[in-house]
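Given the coordinates of chain A, work out where chain B should sit on it, guided by the hints.
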Amino acid sequence: MAVDINLNLCYNIVKYITNNIMEAIMELEKVLNLIDGELLIGNIKRSMNTAFSSDLMSDVLAFVEEDTVLITGLINNQVIRTAEMLDLKAIIFVRGKVPAEDVIKMAEIKDITLLRTKFTLFETSGILYKNGLGALKIYHE
Amino acid sequence: MNNLITDDDRIIMRYEVAMNDFTRIGEASSKIKRILRQLNIDNSRIRRVAIAAYEAEVNVAIHSLGGYIEVVVVEDEINIKVRDKGPGIEDTDLAMKKGYSTASDKVRELGFGAGMGLPNMKKCSDEFTIESVYGEYTELNMKFF
Numbered sequence: 006m007a008v009d010i011n012l013n014l015c016y017n018i019v020k021y022i023t024n025n026i027m028e029a030i031m032e033l034e035k036v037l038n039l040i041d042g043e044l045l046i047g048n049i050k051r052s053m054n055t056a057f058s059s060d061l062m063s064d065v066l067a068f069v070e071e072d073t074v075l076i077t078g079l080i081n082n083q084v085i086r087t088a089e090m091l092d093l094k095a096i097i098f099v100r101g102k103v104p105a106e107d108v109i110k111m112a113e114i115k116d117i118t119l120l121r122t123k124f125t126l127f128e129t130s131g132i133l134y135k136n137g138l139g140a141l142k143i144y145h146e
Numbered sequence: 488m489n490n491l492i493t494d495d496d497r498i499i500m501r502y503e504v505a506m507n508d509f510t511r512i513g514e515a516s517s518k519i520k521r522i523l524r525q526l527n528i529d530n531s532r533i534r535r536v537a538i539a540a541y542e543a544e545v546n547v548a549i550h551s552l553g554g555y556i557e558v559v560v561v562e563d564e565i566n567i568k569v570r571d572k573g574p575g576i577e578d579t580d581l582a583m584k585k586g587y588s589t590a591s592d593k594v595r596e597l598g599f600g601a602g603m604g605l606p607n608m609k610k611c612s613d614e615f616t617i618e619s620v621y622g623e624y625t626e627l628n629m630k631f632f
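Chains as they are written, first to last, in the numbering used here: chain A, 6 to 146; chain B, 488 to 632.
Certain hints may be false.
As the list claims (entries may be wrong) - The list that follows gives simulated cross-link-like pairs (lysine-lysine, DSSO-like), each with its CA atoms no further than 30 Å apart:
| hint | chain 1 | residue 1 | chain 2 | residue 2 |
| --- | --- | --- | --- | --- |
| 1 | B | Lys593 | A | Lys115 |
| 2 | A | Lys110 | B | Lys593 |
| 3 | A | Lys94 | B | Lys593 |
| 4 | B | Lys584 | A | Lys110 |
| 5 | B | Lys568 | B | Lys609 |
| 6 | B | Lys518 | B | Lys572 |
| 7 | A | Lys94 | B | Lys630 |
| 8 | A | Lys94 | B | Lys572 |
| 9 | A | Lys50 | B | Lys520 |
| 10 | B | Lys609 | B | Lys518 |
| 11 | B | Lys520 | B | Lys593 |
| 12 | B | Lys520 | A | Lys110 |
| 13 | B | Lys630 | A | Lys142 |
| 14 | A | Lys94 | A | Lys123 |
| 15 | B | Lys585 | B | Lys572 |
| 16 | B | Lys585 | B | Lys518 |
| 17 | A | Lys110 | B | Lys585 |
| 18 | B | Lys518 | B | Lys610 |
| 19 | A | Lys115 | B | Lys610 |
| 20 | B | Lys610 | B | Lys630 |
| 21 | A | Lys110 | B | Lys518 |
| 22 | B | Lys584 | A | Lys142 |
I should point out that these hints are in silico values taken from the structure, not numbers from a laboratory.
If we strip away everything but chain A, and leave its shape as in the complex, we get:
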């Protein structure tokens, strides 16, 4: 019985380390499979290790300080502009939303990969976090 408990504990420690400390590097191809998504444009051979979910571009601009996957339900061209200014390489649109052609075209020109999924912002974030994609560390003053 004690052995069982210890094994379980070991399993949880390993899981915690892989989820939170090692920040598994994940290819967008794997991301696409996990969220049962569709590739709208761009390269899926890119690797990411964190993601940031928000519908508020003001916050994305204020808090994101490294390359990360942006997960959002907003589909206007300012999402692409925001990603461009921050040098972000990938965006996932949630809740089944599809941006307009000109928005996709802008992403293509800026070399930003666009994915979409039918899942909600919460589910998409949860699936990817559970599978090892890390959270962006946000530092408040």
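The following block gives chain B in isolation, referenced to the frame of chain A:
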């Protein structure tokens, strides 16, 4: 229209920003970013300049009657001046407070208006000043070393 002036020791870029032209917001900042890349300025500084310019561009487009963004690169210093044609800010201290915003619902739908713009510009720049005469204009000056 030629927005780029170069002489011996400095490069000047100037872009007009129209009022309420939501689809074109970001075009000026995008051009500024591209030119700074060509000047071989380090990426982290380009990123700070791009974020600040974009936040400023959003502000001019959504809050003002129109204005311009001027970027001057002199030796190792980048200066951005943003000036609009009004209506000016009544209380600039209040405008600088995180979370304070007067943005419309339309602007919030675009993903802006969280009251983070001005504080973020201050954070991104090495020097930041804001000057406004209510009923006349607002002018921002930012320096990046």
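Evaluated hints:
1. Taking the CA atoms of B:Lys593 and A:Lys115, the gap is about 26 Å. The hint holds against a cut of 30 Å.
2. Of the supplied pair hints, the one linking A:Lys110 and B:Lys593 holds, its CA atoms being roughly 24 Å apart against a limit of 30 Å.
3. Taken as a hint, the A:Lys94 and B:Lys593 pair is honoured in the structure, with Cα atoms around 27 Å apart against an allowance of 30 Å.
4. Straight-line distance between C-alpha atoms of B:Lys584 and A:Lys110 comes to about 36 Å, which puts the hinted pair past the 30 Å bound.
5. Distance check on the hinted pair: B:Lys568 and B:Lys609 sit about 13 Å apart at the alpha-carbon level, within 30 Å; holds.
6. At most 30 Å may separate the alpha-carbon atoms for a hinted pair to count; B:Lys518 and B:Lys572 meet this at roughly 22 Å.
7. Of the pairs offered as hints, the one joining A:Lys94 and B:Lys630 holds, with about 27 Å between alpha carbons and a cut-off of 30 Å not exceeded.
8. Distance check on the hinted pair: A:Lys94 and B:Lys572 sit about 36 Å apart at the alpha-carbon level, beyond 30 Å; violated.
9. The suggested pairing of A:Lys50 with B:Lys520 holds, with an alpha-carbon distance near 26 Å, which does not exceed 30 Å.
10. Using a Cα cut-off of 30 Å, the hinted pair B:Lys609 and B:Lys518 holds, with the two alpha carbons roughly 21 Å apart.
11. Between B:Lys520 and B:Lys593, the direct Cα distance comes to roughly 27 Å. Compliance with the 30 Å bound is thereby established for this hinted pair.
12. With a CA separation close to 19 Å, the supplied pair B:Lys520 and A:Lys110 stays within the 30 Å bound.
13. The hinted pair formed by B:Lys630 and A:Lys142 meets the criterion: a straight-line CA distance of about 27 Å does not exceed 30 Å.
14. Our distance criterion of 30 Å between C-alpha atoms is met by A:Lys94 and A:Lys123, whose separation comes to about 21 Å.
15. With a C-alpha separation of about 24 Å, the suggested pairing of B:Lys585 with B:Lys572 holds against the 30 Å cut-off.
16. As the CA atoms of B:Lys585 and B:Lys518 are separated by approximately 28 Å, the hinted pair is consistent with the 30 Å bound.
17. With a C-alpha separation of about 34 Å, the suggested pair A:Lys110 and B:Lys585 falls outside the 30 Å cut-off, and the hint is violated.
18. Distance check on the hinted pair: B:Lys518 and B:Lys610 sit about 22 Å apart at the alpha-carbon level, within 30 Å; holds.
19. A hinted pair counts as satisfied when its Cα atoms are at most 30 Å apart, and A:Lys115 with B:Lys610 qualifies at roughly 26 Å.
20. For the hint pairing B:Lys610 with B:Lys630, the CA-to-CA distance comes to about 11 Å; that is within 30 Å, so the pair holds.
21. For a cut-off of 30 Å, the pair hint linking A:Lys110 to B:Lys518 stands: about 17 Å separates their Cα positions.
22. The straight-line distance between the Cα atoms of B:Lys584 and A:Lys142 is roughly 23 Å, inside the 30 Å bound, and the hint therefore holds.
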